[in-house]
Amino acid sequence: MANHKKKIGLRALYSEDPVQADKIVWDREVDPGSRRGFLKKTALAYMGTILGAEIVFADKMPGGIIPAGLLQTDDPYKLFSKHKDMVLLNDRPWNMEAQAHLLNDAVTPADKYFIRNNGYVPKEIDITKWSLKIGGESVVSLKSFTLQELKDKFDHYTYQLTLECGGNGRSEFNPPAKGNQWTVGAVACAEWTGVRLRDVLEDVGLKNDAEYVGYYGMDTHLSGDLSKVVISRGVPMNKALQDETLLAFQMNGDDIPLVHGYPLRLVAGGWPASASGKWLKSLSIRNKVHDGPKMGGQSYRVPCEPVPPGAKVPDENMCIIESMPVKSLITYPRSGAMIREGQSLKVQGHAWAGELEVKDMHCSIDFGATWQKCELKAPRNRLAWQHWETELNFPQNGYYEIWARATDSQEKMQPMLLPGWNPRGYLNNACHRIAVKVNP
Amino acid sequence: MQKNTKEDRLKKSITTLSRLLVIMFILLAVAIAGAAYLGIFYKPEHFSFLDSKVEEQESLQGERNNVLVWSDTSSVNSDGIHVASGLIVDDKLPLILTNCTGCHSTKLISQNRATREGWKSMIEWMQKTQKLWDLGENEEPILEYLSTHYAPKKTGRRTNLTDIEWYELSE
Chain L
5 MANHKKKIGL RALYSEDPVQ ADKIVWDREV DPGSRRGFLK KTALAYMGTI
55 LGAEIVFADK MPGGIIPAGL LQTDDPYKLF SKHKDMVLLN DRPWNMEAQA
105 HLLNDAVTPA DKYFIRNNGY VPKEIDITKW SLKIGGESVV SLKSFTLQEL
155 KDKFDHYTYQ LTLECGGNGR SEFNPPAKGN QWTVGAVACA EWTGVRLRDV
205 LEDVGLKNDA EYVGYYGMDT HLSGDLSKVV ISRGVPMNKA LQDETLLAFQ
255 MNGDDIPLVH GYPLRLVAGG WPASASGKWL KSLSIRNKVH DGPKMGGQSY
305 RVPCEPVPPG AKVPDENMCI IESMPVKSLI TYPRSGAMIR EGQSLKVQGH
355 AWAGELEVKD MHCSIDFGAT WQKCELKAPR NRLAWQHWET ELNFPQNGYY
405 EIWARATDSQ EKMQPMLLPG WNPRGYLNNA CHRIAVKVNP
Chain U
2 MQKNTKEDRL KKSITTLSRL LVIMFILLAV AIAGAAYLGI FYKPEHFSFL
52 DSKVEEQESL QGERNNVLVW SDTSSVNSDG IHVASGLIVD DKLPLILTNC
102 TGCHSTKLIS QNRATREGWK SMIEWMQKTQ KLWDLGENEE PILEYLSTHY
152 APKKTGRRTN LTDIEWYELS E
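Chains L and U, in that order, give the protein sequences. Residue numbering for the first sequence follows this note's numbering, beginning at 5 and increasing consecutively. Residue numbering for the second sequence follows this note's numbering, beginning at 2 and increasing consecutively.
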């Protein structure tokens with residue numbers, strides 16, 4: 005029998021639900037007002053004893069009950085099997101991005117795939133007890149599926165789908181926007197295998213008033229309050245019913261890694277990645293725009309009308325982000341390359357355009373004064389990023405920046421400057437650039 | 002004869018060892034109680050002696066899970082950064098550690114930039130949606146710390162490329 009449980013490292017386990025862990029292990033309860041201290045003095049003494057015997061204790065009691073202080077060496081790169089050049093932005097919750105040069109693969113391998121979490125990663129998922137429940141106002145009747153039922157009952161599809169965090173590029177906005185300061189690496193295109201959300205919804209049976217699919221996941225809130233939903237977003241019906249919108253159980257041909265949503269996640273390519281819920285436990289088919297946490301307010305929303313930089317925008321004037329804008333990356337060479345006089349330089353990358361296709365790709369070595377067309381491949385399937393490459397020659401020795409600019413099928417180009425400012429710093433699709441020197 | 006001596010020595014060392022263990026246990030309990038006391042009754046003036054001395058340590062004791070607590074056996078790097086938290090050191094840092102690290106990483110502070118007003122609105126957002134407590138009289142010094150050390154830089158609409166690691170590209 006296959007191993008049905010996925011486990012992650014001790015620190016992530018413990019940080020899962022510290023309040024419960026404290027209660028179970030130490031019989032420790034904190035003052036409910038200040039959320040500090042020890043109500044029972046015996047617990048304090050007990051904790052002191054155990055701290056002197058960490059190894060024995062850790063051996064005997066695995067499963068998320070280790071004092072965090074003992075676990076400072078826990079390494080997210082090992083925990084999640086990530087490439088050493090990935091950049092850790094946040095450790096509570098875990099957030100990690102790639103650098104442009106790590107993304108040169110046609111299909112992004114798991115070790116170079118960005119991590120974006122809003123809460124704690126579920127610590128342990130027992131697939132024998134797991135099921136996906138589908139309910140909400142607009143289902144004919146509530147239905148649930150085990151993973152095996154989903155796999156057996158519906159046809160499988162595999163697509164390469166681009167997922168980009170809505171806040172990718174946030175670090176460049178001025179005035180700055182709060183949140184993880186993503187630079188360029190919160191994007192990836194993996195190969196996802198699963199069943200079509202549409203097929204599953206047809207099997208469940210929807211009422212005519214179905215408007216939105218909202219997801220609920222198994223991640224838990226940073227406050228430790230298990231009753232709080234971390235994030236519950238989703239997609240409107242027209243996106244939900246697309247061929248490429250999957251309930252995915254495989255990433256690049258393997259079970260989805262825990263940190264990326266095992267055992268089942270939504271994948272809605274071309275939309276902010278937060279629409280593609282991880283660790284699904286239920287879907288709610290709504291008769292209105294879904295109103296879960298991070299659907300409203302300022303999260304994953306931008307001003308409906310453009311605003312000046314730094315403006316305060318009331319919630320009611322903010323609109324939900326749907327398709328992501330046209331964008332591209334230079335993934336080869338890594339920024340900082342020095343070549344010799346007379347040498348030409350091969351440059352490669354990817355381009356994507358949300359719901360649309362990329363039509364043209366250009367590069368400039370003179371800060372946009374002239375642009376040269378790059379060779380652009382068609383996408384493997386709709387919503388997959390497209391690969392491009394070109395060969396550049398330099399007129400004289402010196403410092404150059406290579407700027408890359410994609411144009412989508414509706415003639416929209418990436419701006420060279422930052423696009424319209426918005427309060428939370430979403431949708432920065434300004435041209436990517438790298439530095440190059442030509443030496444004698 | 003010789004056997005007795007061996008047994009005696011063994012007894013003696015067991016007694017010594019057990020005494021040592023008891024002493025170590027008491028010391029540990031006192032240290033933890035001290036840390037817990039600081040966590041419960043924290044007031045910035047207790048730490049005024051640290052004003053000119055810059056040190057750090059990450060405490061084992063946190064009321065939620067990972068709260069960082071200032072202590073006097075700590076280290077600060079040459080840039081004036083508190084090593085355990087990655088934050089800029091001044092006399093208000095203990096307040097930041099106590100109030101901000103229960104729920105989130107200090108990386109969320111160090112990677113962000115905002116005006117006083119901006120930081121205040123983040124605090125309000127955390128109070129409204131993330132179960133952050135009322136900061137009371139600590140709110141002012143916390144805001145002062147954040148808006149002083151983590152203020153926005155004027156970057157315009159595109160900055161120069163910086164921190165370029167140059168390397169020879171051989172094809």
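Keep in mind the hints are simulated off the structure, nothing from the lab. Keep in mind that a hint or two might mislead.
Said to hold, decoys possible - The calculated lysine to aspartate or glutamate pairs, modelled on EDC-like cross-linking and capped at a C-alpha distance of 16 Å, are:
| # | chain 1 | residue 1 | chain 2 | residue 2 |
| --- | --- | --- | --- | --- |
| 1 | L | K316 | U | E166 |
| 2 | L | K441 | U | E169 |
| 3 | L | K350 | U | E169 |
| 4 | U | K121 | U | D92 |
| 5 | U | K129 | L | D229 |
| 6 | U | K129 | L | D319 |
| 7 | L | K441 | U | E166 |
To be verified - Beyond 12 Å from chain L on every Cβ pair, some chain U residues (computed):
| # | residue |
| --- | --- |
| 8 | S14 |
| 9 | L18 |
| 10 | V77 |
| 11 | I82 |
| 12 | D91 |
| 13 | T107 |
| 14 | E118 |
| 15 | E141 |
| 16 | I143 |
| 17 | T163 |
| 18 | D164 |
Said to hold, decoys possible - One side only, chain U facing chain L, incomplete, derived with CB under 7 Å:
| # | residue |
| --- | --- |
| 19 | K12 |
| 20 | S106 |
| 21 | E125 |
| 22 | Q128 |
| 23 | K129 |
| 24 | Q131 |
| 25 | Y151 |
| 26 | N161 |
| 27 | E169 |
Treat the numbers as computed from the prediction; the structure is a model and nothing was measured. For every residue, glycine included, the Cβ atom is placed at its ideal position computed from N, Cα and C.
Quick one: which hint numbers does this structure break? Sort them smallest to largest.
-> Failing hints, ascending: 1, 4, 13, 14, 17, 18, 19, 21, 22, 23, 25 and 26.
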